[in-house]
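Participant: In case you want the letters, here they are:
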Amino acid sequence: MGKIAKYTRRGFLGLGIAAAGGLAVGYYYYKKPYPNPLPDTLAEGDYSFTPYVIIGSDNAITIITPRAEMGQGIHTTLAALVAEELDVDMDQITAEHGPAAAAYYNSAMLEEGAPFPFFEDGFMAETTRGAMGVLGKFLALQVTGGSSASIDAFDKMREAGATARAVLLEAAAQHWGVAADSLTTTRAEVINPNGERLTYGALAQSAAKLTLPKPPALKDPSNWRILGKSQPRVELLEKVTGASIYGIDVQLPDMLYATVAMSPRFGAKAKSADEVAAMAVPGVLNVVEIVTSAGFGFGIIASNTWAAFEGARALAPVWEAADYPADTAGLKALWNEALDKDASFTLGGVGDPEAALQGAEVIEASYSLPYLAHTTMEPMNATAHFKDGKLTLWLGTQAPGIAAMVTAELLGIEAGDVEVITTHLGGGFGRRAEADVPLYAAAIAAQTGGKPVKVTWSREEDMQHDTYRPMAEARLTATLKDGLPEALDYRVAAPSINKSLFARTFPNMSSAGPDRSILDGSFDQPFSWPHSRFAAHQVDTNIPVGFWRSVGHSINGFVHESFLDELAVAGGQDPLKMRLAMMHDERHEPAREALKAVAEMAGWGQPLPEGVGQGIAHTLSFGTWVAEVVQVDMRGGTVKIEKIWAVADPGMVLDPGNFEAQITSGIIYGLSAAVGQEISFDDGRVVQENFYDYDALRMAGVPPIEVALLENSPRMGGAGEPGTPPIAAALGNAIFSASGQRLRALPFGNDVEFDLG
Amino acid sequence: MELQVNGQTHQVEAPDDMPLLWVLRDLLDIKGPKFGCGVGACGACTVLVDGIPTRTCTTAAADVSGEITTIEGLPDGERLHKVQEAWIKHEVPQCGYCQSGQILAAVALLEETPQPTDADIDAVMTNLCRCGTYPRLRAAIHEVAGMEG
Ligand code: FES
Ligand code: FES
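Taken in order, these protein sequences are the chains called A and B.
Start counting the first sequence at -19; every next residue gets the next number (my numbering).
Start counting the second sequence at 51; every next residue gets the next number (my numbering).
FYI, nobody ran anything at the bench for these hints, they're computed from the structure.
If a hint is listed, it holds; no wrong ones were tucked in.
According to the in silico footprint, chain B covers these stretches of chain A (three or more CB under 8 Å from chain B): (1) 50 to 64; (2) 220 to 229; (3) 281 to 287; (4) 353 to 365; (5) 661 to 675.
Positions of the beta carbon are idealized from the N, C-alpha and C atoms, including for glycine.
All chains should be modelled from the sequences, with the hints used to inform the complete structure.
Facilitator: Below is the structure:
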């Protein structure tokens, strides 16, 4: 752990501070292989081959899958990459998260990127791009190379398996005195030409003495036995027996329990708090102050979590005023003022939209999107133990390196003295990369006299102290020519996630440069406008904004795809045909195919009864092309969502069952938001408290969802996020088709009533 | 107070109004029931009390006299409950955090209604899943019903 944390700190901060030096550091590490951290951790009779494979004398095979498992099946897919080349079956292996070490994390953070770039890549892409200017380019390349990031580490894990297999073959060849290429393998055994067999376990000890060869050639995908096929998930048994340890389940000897009461007016401090009342609650042991870059407030330490919650209630702090408009109406006015002013920056765009729109008959529309909370099923929590100048964190985290860095800074220790133990995550969706949770836990742990403390947030605290999906207001103007879109002026006002992230995480660094997340999902879409301009009107406040599943794409996916539907109506076009007609670049082919496939599944264009309608939308995000159709029935006076069809093209599907589950999950996540979620402000603080006023869809409200996968795209894309962006627009477009009512503000539940069963 | 959990009797010292959830989790170290909302709105904390699904975050431990079954007590020795088997077969869990509660709710449903219709499932399976595993949850319940039939 020491290595990773130290490295992260030097690499990351160094890059920010001194461009040239930073580049040198980055480059040096880029070239240098990391030491294998496993030998120090092995049990008697276990041998490691590469940082990813452990083989025991008893033929027990462990594959290290050093990514946060938050339900996206990443441990299974990573293990499958190694197993394919090692020539073992999935029922013969155990997958383990493994130790935190440079060999795993730096690759995720600085060079090749995580094998599957759900979040930390996006995070790094954004932060590095923002903070590091020129160097950001170097790093961002690694990450954008990064849609290739997946391809790159996709090779890396397979190479680990192939390398381990090669050295086992070599050991067997020496044992039998035959040539290695006369041997074959199957199910963790080496077989010689006479049919004699040796298990990998029997060979492990002698193989471990040999030098690892260069990675041999990898299998051709046509010879894959495991990859490309659905695999049983490796962690299912523990998940159906309650055996998985989430952060909230961590239990240590002598552990104290705590919760936090942080300022709900972001950036404001406490005026007063009733510590006497809090201490009077049975079980409450102490109330401590928390001062961090992410927020101000109190930690309530107790002998159990419930007592801590009760203590927080009794503490009832009174807070200073916030420095931003106190309610949603005031915030919206600020956003609209920003739209009236000059753009902060533009991205993409072609031709001369101003001239094309001048004097033309135009279609105009304004869209509104609220702040959204993540509400992971497991509320925020962290366990921290600070003793003798060393901090240990037990954390369900998407970004362990950052947690180590910021807590070290807070406690005035070296990042190398922070150990982060990654637990299971009860949902992530972007929330569990944030540093506030470990920061507050570390601040409390510094005030427990060396005892470990588990800090659990109440649901109310979680919902009112999120890093929200940004609120956004958009204004669009377009004109048509021969019924087809001709020119577009696209303006969106929203805060910068980069800026907010830096303020709370790295307050000594500032983020410079445009934050493309404000426009992601608009300018970068496969659509040929003769004339277009995409403008960001950045409007920043102290209200923290962060990465919400699919980030900017879910905002602009809604705006862009809803407006295209409006243009189709205005031009008297079928919304599907109009899109296909505007996707005439050959690089748009995956989008065309996805749209045609989803239309066929949904029976697009077939007559539907009056009051029933279908809506279509497509968004390319995280390298995956996703087209969705929603059908609604409004004959009963409410909106009944009848069915959803989706086609996703990530280029290459390693595990179809798991990919389908992720797309479905992303759709339901986005649908919950589109139907009813809204974080609003009053009195300088978030109004919503718990699931009773910020709910998500339940079983009865979720219609059948049919997903098909294509592999036309030339590069590998992600699974966890791309299902989300098109769904709100597809639903809104379906409601228009069924009723003629155009909904331009989310959530739709404010304007129409849904029948959720 | 005395609690019967998964066939064992526990003596616990706890305030009268302490929710069963926190008695189980923090005092008895039974971590299967999960904290999700604390107000009875999500079902993550569900256990069975004499076979009836009960949200433990809003149930005072002192008021519970029946036999409590948590996810830990569901398997019959080494043998998984058929609902757990179906959950594995259909790969229901994603993050898994809600699944202890979902499984226990499904066990109670199938006990009461061995062949549930979709409407029966909708009416009873009201626990929240932020990962959106509902389609597979439904399929797994039908699978168990099929095994019955
Ligand atoms: S934690 Fe009990 S219902 Fe949510
Ligand atoms: S599986 Fe994650 S909340 Fe249900």
